[in-house]
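All chains should be built: construct the whole structure from the sequences, respecting the hints.
Numbering that gives the first Met the number 0 numbers the first residue of the sequence shown as 0 and each following residue consecutively.
It is worth saying that the hints were derived from the structure and are not from the lab. Using N, Cα and C, we set each Cβ at its ideal position, and we do this for glycine too. Wrong hints could be hidden among the right ones.
DEER-style ranges, computed between Cβ atoms [to be verified]:
hint : residue 1 : residue 2 : range
1    : Q19       : G39       : 36 to 46 Å
2    : D11       : S52       : 28 to 38 Å
3    : D11       : N61       : 14 to 24 Å
4    : A7        : K71       : 32 to 42 Å
5    : K87       : A23       : 19 to 29 Å
6    : K82       : N61       : 33 to 43 Å
7    : K74       : L24       : 21 to 31 Å
8    : K79       : L5        : 15 to 25 Å
9    : F27       : V67       : 38 to 48 Å
10   : S26       : A66       : 44 to 54 Å
11   : N1        : L88       : 34 to 44 Å
12   : T16       : G59       : 19 to 29 Å
13   : L88       : L24       : 19 to 29 Å
14   : T64       : Q19       : 33 to 43 Å
Okay, derived cross-link-like pairs now, BS3-like style, lysine-lysine, Cα gap no bigger than 25 Å in a straight line [to be verified]:
hint : residue 1 : residue 2
15   : K71       : K53
16   : K87       : K2
17   : K87       : K36
18   : K71       : K82
19   : K71       : K36
20   : K36       : K8
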Amino acid sequence: MNKAELIAKLADDSGITKTQANAALDSFIEAVTKTLKGGGKVTLVGFGTFSVSKRAARNGRNPQTGAVIKIKAKKVARFKAGKELQAKL
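The following block contains the structure:
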């Protein structure tokens, strides 16, 4: 399912227009992004938790030359499914 299909599903299920559904989805994405940038986490009970993890710097290899390269440390977004979501899958 892509973003357009999700917007159509939200609009049909909730009885709102696609424009309104798009605005709601964009607002949700923006709120989650701002919270994660601030170092927080977003927990939706029954669905899951969005959080930020830190990846340590490490050595990797260039697949073409085999040379060792340094990969910088960085922060990555994580999602951990809640119990109810896992039970439905």
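Results for each hint:
no.	hint	in the structure
1	Q19 - G39: 36 to 46 Å	27 Å, violated
2	D11 - S52: 28 to 38 Å	35 Å, holds
3	D11 - N61: 14 to 24 Å	48 Å, violated
4	A7 - K71: 32 to 42 Å	39 Å, holds
5	K87 - A23: 19 to 29 Å	23 Å, holds
6	K82 - N61: 33 to 43 Å	42 Å, holds
7	K74 - L24: 21 to 31 Å	24 Å, holds
8	K79 - L5: 15 to 25 Å	20 Å, holds
9	F27 - V67: 38 to 48 Å	42 Å, holds
10	S26 - A66: 44 to 54 Å	45 Å, holds
11	N1 - L88: 34 to 44 Å	20 Å, violated
12	T16 - G59: 19 to 29 Å	47 Å, violated
13	L88 - L24: 19 to 29 Å	22 Å, holds
14	T64 - Q19: 33 to 43 Å	52 Å, violated
15	K71 - K53	11 Å, holds
16	K87 - K2	22 Å, holds
17	K87 - K36	30 Å, violated
18	K71 - K82	34 Å, violated
19	K71 - K36	18 Å, holds
20	K36 - K8	28 Å, violated
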